[in-house]
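K.L.:
Could you build all of it, start to finish, from the sequences and the hints given here?
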Amino acid sequence: MNKDLLLYEKSRAGRRTLRLGELDVPAADVKRLPKGSLREKFAVLPEVGELELVRHYVRLSKKNVSITDSFYPLGSCTMKYNPVTNEAAAGIAGFRQIHPFQDAGRVQGALAIWKRLENYLAGVTGLPAVTIHPAAGAQGELCALLVAGAHFEAKGESQRKVVLIPDSAHGTNPASAAIAGLKAVTVKSGDDGLVDLADLKSKLGDDTAVFMITNPSTLGLFETRIAEICAAVHAVGGLVYMDGANLNAIMGVARPADFGVDMMHINLHKTFSTPHGGGGPGAGPICVIEELRRFLPAPRIVEDANGYRLDYDAPDSIGMLRGWPGNWGVVLRAYCYIRRLGREGIRRAAENAVLNANYLRVKLNKTYHVPFDRMCMHEFVCNTRHQRQYGIHAVDIAKRLIDLGYHPMTIYFPLVVSEAMMIEPTETECKETLDAFIEDMLLIAQECADDPDKLHAAPVTTPVGRLDEGRAVKDPVLCYTCG
Amino acid sequence: MRPDDRKYLSSHEWIKIDGDIGTIGITDFAVQELCSGNESDLVYCDLPEAGRSVEAGETFGEIESVKAVADLNAPLGGEVIEVNAAIEDHLEILADDPWERGWLIKIKLSAKTSDALLDAAAYEEVVAQEA
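Chains A and R, in that order, are what the protein sequence lines are. Residue numbers for the first sequence follow my numbering, beginning at 1 and rising by one. Residue numbers for the second sequence follow my numbering, beginning at 1 and rising by one.
FYI, nobody ran anything at the bench for these hints, they're computed from the structure. Check the hints yourself; a few may be wrong.
To be verified - Covered by chain R, according to a simulated footprint, are these stretches of chain A (three or more residues, beta-carbon under 8 Å):
1. 389-396
2. 435-445
3. 463-470
Even for Gly, the Cβ is constructed at its ideal location relative to N, Cα and C.
P.N.:
Right, dumping it as structure tokens:
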């Protein structure tokens with residue numbers, strides 16, 4: 001009974017959820033359709049009754065794990081709660097039913113919110129020119145690198161092709177550089193987990209285009225030498241890009257522009273509480289210094305005597321990144337979040353995110369090894385060094401957490417820490433939730449010593465246990481075949 | 001104790017020198033670190049073409065498991081003269097026998113020493129620190 005069949009496997013010929021009545025209008029002549037558009041045989045669709053269909057999807061929905069049913073400390077992803085007020089606003093018919101091609105005069109409210117969000121993001125980052133075009137953080141990175149490329153070309157410095165990236169960076173950084181036609185070069189971390197300034201300086205030169213830095217870093221550490229780093233990059237004529245994935249730790253506290261950042265992206269779905277990934281379309285706005293404004297994607301929202309309008313007159317722009325400049329529902333939700341918190345609230349959210357992460361770190365650092373064990377920002381990285389003697393790896397801890405009702409933390413990232421477990425609680429969790437998680441992590445550590453096989457066998461509460469991830473990469477089966 | 005007929009890098013590659021030919025591979029510890037107790041976790045290995053020249057310390061390829069990608073670094077420099085073609089489709093060889101059948105490339109050495117090379121005892125210390 002526990003085996004979940006696919007809808008196709010439940011299919012029985014002739015079964016229906018609904019039978020249509022007799023056609024009461026003249027039938028259209030399908031032969032008028034172009035030949036290539038006509039099916040030669042019926043589509044193979046599952047045939048099931050309505051009750052079977054409803055049960056199928058309700059059962060699937062119960063298997064979903066989200067922040068709305070469990071603690072979700074996925075590091076570097078800032079899985080904060082998405083407030084229902086955001087959803088209420090996004091559900092207002094006047095917002096929900098507008099169309100991208102509507103005349104600007106009829107969507108002044110939406111355009112005003114759009115423009116105001118740009119202004120708020122400029123306020124948080126200190127970078128005055130903002131675009132909400134990019135559909136996600138990685139596209140924001142690409143957008144910024146294209147903007148940087150256009151900037152250097154305009155200056156007659158198109159020999160600048162090198163993008164320097166610390167070894168603790170998100171994998172998207174080098175990928176974005178490659179897609180932008182630039183060359184990614186790795187900068188080492190020092191013993192303190194921060195950027196090795198000497199290594200960075202040895203790699204800077206007149207071929208340097210951009211230094212991409214995540215601050216706080218993926219180790220949850222603030223780059224204390226950030227001003228010196230930015231100055232060194234500027235001294236050779238390069239630009240500093242900040243990966244804004246970890247902005248949640250410093251919003252309302254420190255403005256990246258003030259420590260020397262020229263461009264950055266913001267993940268609205270992390271920092272500003274809009275849904276993640278499969279939960280809805282994303283948004284990775286970028287904010288840049290005034291000098292780079294003219295290269296940003298078009299159209300841009302401008303305000304003049306007649307109100308707000310979209311301005312396509314942007315001869316230096318890198319153009320459009322996608323079919324429409326931004327995901328409106330996401331813009332609206334992020335706007336609601338910022339308005340609800342206000343300037344003080346934004347700062348308090350960052351402070352509480354940092355407090356929660358440090359609370360977990362201090363409660364767990366005697367049981368799990370924390371390689372860089374000092375005041376962290378919104379997340380910290382520990383590993384299984386103390387559990388290695390029992391044959392336990394980070395993946396075993398993560399799988400055991402699933403059985404205890406959690407979404408596991410991020411594991412095996414950043415790569416600079418062996419058997420890494422990256423924990424980010426976010427500000428939206430209360431002390432009781434954190435205490436329960438601590439208790440379970442300590443219980444798991446005890447199990448590592450007492451009954452390691454229990455961890456090796458986990459998860460046992462899920463429809464399937466350990467999957468063969470190696471085979472999934474080497475020999476993936478991507479198409480379902482009936483029967 | 002790991003084989004003392006060869007030299008090691010702290011990034012877990014080994015090189016065995018025979019005349020002016022160096023055979024390069026990765027250590028059992030490297031394989032262990034890339035896998036999480038499951039040898040089938042290795043999924044991909046990118047090796048250079050014969051004829052390419054590599055410098056000491058240079059990255060000549062990469063190896064990927066389900067959890068990480070690691071650079072393969074050349075302990076010494078030279079021209080690649082032979083590549084272990086069996087590895088690409090049979091990464092399990094690396095787990096079974098990283099010291100002999102699991103070699104990755106052979107190079108014609110341009111120099112036979114480098115300050116970065118460790119003997120087996122020094123490499124044991126590196127592993128002891130990381131483990």
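K.L.:
Are three or more residues of the region 463-470 of chain A within 8 Å, CB to CB, of chain R?
P.N.:
holds (count 3)
K.L.:
Three residues or more, CB to CB closer than 8 Å: is that satisfied between the region 389-396 of chain A and chain R?
P.N.:
Since three or more residues must qualify, the claim that chain R covers the region 389-396 of chain A holds, with 5 doing so at under 8 Å.
K.L.:
How does the region 435-445 of chain A fare against chain R when you require at least three residues with a CB closer than 8 Å, holds or violated?
P.N.:
violated (count 0)
Hint compliance for this structure: hint 2 is the single one not met.
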